[in-house]
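Student: Sequence:
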Amino acid sequence: MQPTSATRRAVAAAGLAAAVALSLVACASGDQGGSSSAPSGSSTAAPVSDGASQVKITMTGGDADRCELSSTSAKAGPVTFTVENVSSTAITEVELLQGQRIVGEKENLAPGLGAAKLTLTLTGGTYQVYCPGAKTETQDFTVTGKAATQAAGSVQTVLAEGTKGYGTYVAGVLADMVTAVGNLKSAVDSGDVADAKAKYALARPFYEKVESDVDGFLLPGYKATDNKGNLDYLIDMRASNLDPAVGWHGFHAIERDLWQGGKITSSTKQLAAELDTNVQKLAQLAKGLSYRPEDLANGAAGLLEEVQSGKISGEEEAYSHTDLIDFAANVEGAQQAFAYLEPGLKKIDPDLTKQISARFTDITTLLDGYRDPDIPGGYVYYTPALKKTDASKLSHAVQALQEPLSTIAEKVATAA
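Adding 250 to a residue's 1-based position in the sequence shown gives its number in the working numbering.
These are computed hints drawn from the structure, not numbers from a lab.
Treat each hint with caution, since some may be false.
Stated by the list, open to error - Simulated crosslink set (SDA-like; lysine to any residue; CA at most 20 Å straight-line):
(1) Lys447 x Ser436
(2) Lys604 x Thr657
(3) Lys643 x Asp612
(4) Lys597 x Asp612
(5) Lys643 x Glu653
(6) Lys596 x Lys643
(7) Lys537 x Ala425
(8) Lys385 x Leu359
(9) Lys473 x Gln348
(10) Lys414 x Glu592
(11) Lys597 x Gly311
(12) Lys325 x Leu359
(13) Lys537 x Thr413
(14) Lys325 x Lys385
(15) Lys596 x Glu653
(16) Lys513 x Asn433
(17) Lys385 x Gly311
(18) Lys537 x Val353
(19) Lys367 x Gln605
(20) Lys325 x Gln304
(21) Lys367 x Ser299
Starting from the given sequences, assemble the full structure and let the hints guide the process.
Tutor: Okay, here's the thing in structure tokens:
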């Protein structure tokens, strides 16, 4: 099974720390356990530029796929990882781990694409850079010192207020998801396939809006590598990341029954009941989340990566072809994260803020052209024919937004 998790950078409150761990991606090739030093990385501390330590991670193929670090240590504070897949087909993802916790992640790193950036504020300790599929998958990364408390200046004050507001937004989306999934369960229990299809389309957007905030939770008592306790897997797994040892669960198992099978069985009802239970658990666990400004920035970038990897390809909603609903929800979630940072970003880089805002307008205007109020969920079906004619146009619009958006995490993490 290929790793398919999105960025897991939400920070659980201390009261949840004993019960909840951010999940690791399961079933990556090779041995995940034990760390080893980077064979080619420099042991000197990473250089600092623009207020952040700069670390390059380069993926190469050939006789042995490698994930090479420019430095294996950095001082505490903001650290920007610039990740580029030059030629490896086996490595498509990199994670920064600390114990069982994924601190940050970049995925969908196809060879030949431009470099991707991830900025994180790190305090002293030993971390691991994990590159699934590399000859040496896990390499130690040391952070020295302690991250300084961010100054309570005007920019930081505005950004902090934005993170609080965004937390309220996430809580509201999750509450709405609980209601919508309850409605889906009721429709499935009634045996009405048409109504269940409509309720499915109405329930899907909520998870897609905040997926990058909440896709890292494990049920208590499960190891991080066990999909049986991975709530993201149990809620949102699809055919391409099916774990045979765990089997079908969640939204897309119900989607399969409704569209491919065309009927509601006792198994469909069991799946709907399980989904209802799991989204309630997720909403409860997520009440302890708190955020740094760079968490919002990284999460927005992660949602756009989800669009490129799963929605434009048509992979996400393979049976119902309701991918444009998910596409729009991912964009909305990214836009909300940006919007809560926008007042602070205007103080940091007004020109960049204006550019990103305009790109969001461009992509939402493009999506408006696919609206259809007569279809549940409000968007036309993303059929193979539509994909053939429009996938490139949609992808280019997302890419135009991704490029400037990817720069804001470092800016907000290092703002004075």
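Student: If any of the earlier hints don't hold here, list their numbers in rising order.
Tutor: When the structure is compared with the hints, numbers 4, 6, 11, 12, 14 turn out to be violated.
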